[in-house]
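Trainee: Taken in order, these protein sequences are the chains called X and F.
Take the first sequence: its position 73, counted from the start at 1, is 73 in this note's numbering, and no numbers get skipped.
Take the second sequence: its position 48, counted from the start at 1, is 48 in this note's numbering, and no numbers get skipped.
In short, the hints are calculated from the structure, not lab data.
A hint or two may mislead.
As the list claims (entries may be wrong) - Quick list of the computed label-pair ranges, beta carbon to beta carbon: (1) F:42 with X:15: 24 to 34 Å; (2) X:102 with F:43: 45 to 55 Å; (3) F:48 with X:9: 31 to 41 Å; (4) F:32 with X:73: 41 to 51 Å; (5) F:69 with X:85: 32 to 42 Å; (6) X:27 with F:19: 42 to 52 Å; (7) X:49 with F:19: 14 to 24 Å; (8) F:56 with X:32: 30 to 40 Å; (9) X:22 with F:35: 49 to 59 Å; (10) F:61 with X:47: 30 to 40 Å; (11) F:69 with X:49: 27 to 37 Å; (12) X:127 with F:41: 52 to 62 Å; (13) X:55 with F:39: 26 to 36 Å.
Note that CB positions come from ideal geometry on N, CA and C, so glycine has one too.
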Amino acid sequence: VTVVVELTRTHIPTDGIVARLKAPSDGAVVVFEGIVRNQSGGRPTTHLEYEAYEPMALEKMRAIAEEARARFAIDQIAVVHRLGRLEIGETSVLIAVSSAHRAAAFDACRFAIDTLKRTVPIWKKEYFSDGAVWAEGEAPAAFDAAPARPRP
Amino acid sequence: VAIRVLFFGILRDIVGLREDRLEVPDGGELRWVFEHYASRFPRLKEMSASIVLARNQQFAAPSDTLAAGDEVAFLPPVSGG
Numbered sequence: 001v002t003v004v005v006e007l008t009r010t011h012i013p014t015d016g017i018v019a020r021l022k023a024p025s026d027g028a029v030v031v032f033e034g035i036v037r038n039q040s041g042g043r044p045t046t047h048l049e050y051e052a053y054e055p056m057a058l059e060k061m062r063a064i065a066e067e068a069r070a071r072f073a074i075d076q077i078a079v080v081h082r083l084g085r086l087e088i089g090e091t092s093v094l095i096a097v098s099s100a101h102r103a104a105a106f107d108a109c110r111f112a113i114d115t116l117k118r119t120v121p122i123w124k125k126e127y128f129s130d131g132a133v134w135a136e137g138e139a140p141a142a143f144d145a146a147p148a149r150p151r152p
Numbered sequence: 001v002a003i004r005v006l007f008f009g010i011l012r013d014i015v016g017l018r019e020d021r022l023e024v025p026d027g028g029e030l031r032w033v034f035e036h037y038a039s040r041f042p043r044l045k046e047m048s049a050s051i052v053l054a055r056n057q058q059f060a061a062p063s064d065t066l067a068a069g070d071e072v073a074f075l076p077p078v079s080g081g
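One chain only, chain X, in its complex shape (with noise of 0.2 Å):
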């Protein structure tokens, strides 16, 4: 079983990692790139800069992988997170996902994604020619069973 999930400092290397999941029962890779726009709000950005409380985060980034196998018919996926400094039009995120038919596949990276962007500790700052401000995000939330937002 391949399931790769990794924090990475450089270029996302999509091509390679979509490779490893192909398998010959495989009928369907569906492929979910996110990549850095270049403005925000309507304000030019010039660049990005993501952070994450790493241990953490891969143990959320690993939850959903495991997650996305035990509720969809897949074979294999891929969540891979970009950190560090990121031009315009580069890769941030990856999602891939092998299976036997595209159903599966498609409403598998669908989850994994939005899934990411609720629970993982990770946390984008965006530059403009003036200065640089934290995105605003979504309170970080465990997904399903665990409890709700714990709040101090």
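Starting from the structure of chain X, add chain F where the hints point.
Mentor: Structure of chain F alone, referenced to chain X:
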């Protein structure tokens, strides 16, 4: 007892620290740690509805009891992807 406290994202900018070492009362609760920093940095209090605490890399409740060597993290709203 001594614990480590980590701050991420905007919370690191507010507190001015990536990591701190803190003495907490024996048997103290996680909420004590939040209050400790919120009393020094009022913006934490203002943002309390959006801050989540983790203890030893798991989402944790304010009523959780602390132990020596714990790693407590202040997590602002996440924005990965």
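Trainee: If a hint holds in the structure, say so; if it doesn't, say that too.
Mentor: Structure-based check of each hint:
1. F:42 with X:15: 24 to 34 Å: About 49 Å separates the Cβ atoms of residue 42 of chain F and residue 15 of chain X, which means 24 to 34 Å is violated.
2. X:102 with F:43: 45 to 55 Å: 47 Å, holds
3. F:48 with X:9: 31 to 41 Å: 32 Å, holds
4. F:32 with X:73: 41 to 51 Å: 47 Å, holds
5. F:69 with X:85: 32 to 42 Å: 33 Å, holds
6. X:27 with F:19: 42 to 52 Å: For residue 19 of chain F against residue 27 of chain X, whose Cβ atoms are near 48 Å apart, the range 42 to 52 Å holds.
7. X:49 with F:19: 14 to 24 Å: 19 Å, holds
8. F:56 with X:32: 30 to 40 Å: 31 Å, holds
9. X:22 with F:35: 49 to 59 Å: 52 Å, holds
10. F:61 with X:47: 30 to 40 Å: 37 Å, holds
11. F:69 with X:49: 27 to 37 Å: About 31 Å separates the Cβ atoms of residue 69 of chain F and residue 49 of chain X, which means 27 to 37 Å holds.
12. X:127 with F:41: 52 to 62 Å: 24 Å, violated
13. X:55 with F:39: 26 to 36 Å: The hint (26 to 36 Å, Cβ to Cβ) holds, given that residue 55 of chain X and residue 39 of chain F are roughly 29 Å apart.
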